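Undergrad: Residues per chain are reported as follows:
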Amino acid sequence: MDGDSSTTDTSQLGITGEYMASGQYVLQPQDEDGEESMNDHEEGGAKENYREQDIYLPIANVARIMKNAVPQTGKIAKDAKECVQECVSEFISFITSEASERCHQEKRKTINGEDILFAMSTLGFDMYVDPLKLYLQKFREAMKGEKGIAGVPVGEGLTEELTDDFTNPLPAGIITADGQQQNVMVYTTSYQQIPTVQQIQFS
Amino acid sequence: MSKNSPEKADPSSEAKKTISLPISRVRLIMKSSPDVSSINQDALFLTTKATELFVQHLALSSFNNGCGKETNSLSYSDLAKTAEESETFHFLTDILPKKILARDYLKSLEQMQEEDADF
Chain A
1 MDGDSSTTDT SQLGITGEYM ASGQYVLQPQ DEDGEESMND HEEGGAKENY REQDIYLPIA
61 NVARIMKNAV PQTGKIAKDA KECVQECVSE FISFITSEAS ERCHQEKRKT INGEDILFAM
121 STLGFDMYVD PLKLYLQKFR EAMKGEKGIA GVPVGEGLTE ELTDDFTNPL PAGIITADGQ
181 QQNVMVYTTS YQQIPTVQQI QFS
Chain B
1 MSKNSPEKAD PSSEAKKTIS LPISRVRLIM KSSPDVSSIN QDALFLTTKA TELFVQHLAL
61 SSFNNGCGKE TNSLSYSDLA KTAEESETFH FLTDILPKKI LARDYLKSLE QMQEEDADF
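Heads up: the sequence lines are chains A and B, in that order. Heads up, the first sequence is in UniProt numbering, so the first residue is 1 and it goes up one at a time. Heads up, the second sequence is in UniProt numbering, so the first residue is 1 and it goes up one at a time.
Derived by calculation from the structure, the hints in this document are not laboratory data. Quick caveat: nothing in here was measured; it's all calculated off a predicted structure. All C-beta atoms in this analysis are idealised placements derived from N, C-alpha and C, irrespective of residue type, glycine included. One or more hints might be untrue.
[Said to hold, decoys possible] Covered by chain A, according to a simulated footprint, are these stretches of chain B (three or more residues, beta-carbon under 8 Å):
hint : stretch
1    : 21 to 28
2    : 70 to 79
3    : 85 to 93
4    : 107 to 117
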């Protein structure tokens, strides 16, 4: 007699089809966990349920940088802009996962600047490392100017994000994500113009 | 949405001006990598800045490398070509497939199957 078309015998459920006498058995699907629940796995209410491939930087910003990079009269196709937008997310993930791996190897939880620079060097972007170190130095100098003032976090929104993650002892939340003015801290120290090697100017 | 912020002679806006990409978005992308728990402020800044350099680098390389120079315009195929030919940008080949004729694809598929058969 042919076997039942489906089996509810639990001892047989764990057995693959090869053990069945005839090919007409249908294995009951077992509960699938792990894979399915990836998106539900997130902690932290602030994070929305994005899939990795959906998160891009704004195309206007990307397009502007591209435009400034190519010769003045050059044009850029629309699909090229969109494409670079995706490449950018890929690049960020690429660097981040390399940096994260190194971080884990060294039993650290927070990805720091060194990890990022090392990752770039490893992945063939070592030509960025020196200019980046320079930019970082200037950035730190700019931040240092505020250190003497009471370390009151600037603004809201971004600061909440930052204080979750940043272990930086300097007053947090100076850089605003979208260029809007946050609450202003009063500076009494004199401020010097920072000469930049290669500054992208946007009016 | 205008990103223009009024000129102010304070360090924070000066520091802001060196960056032209939204940091919180960069952070979001970084956090979407598996096993990433926290990200130091320096790391975030460096990644954002590096991303700018990357865009410039990719755009210019592709423009010079591809048909862009003649037509004075950067196209998708310029980017795909650059990803294919440049060691640095090779990681992009998965998301920048070059468009090939169907028969060429089928041919390469056959070759791949032959290689598998050797195992």
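Undergrad: When the hints from earlier in the document are held up against this structure, which numbers fail?
TA: 4
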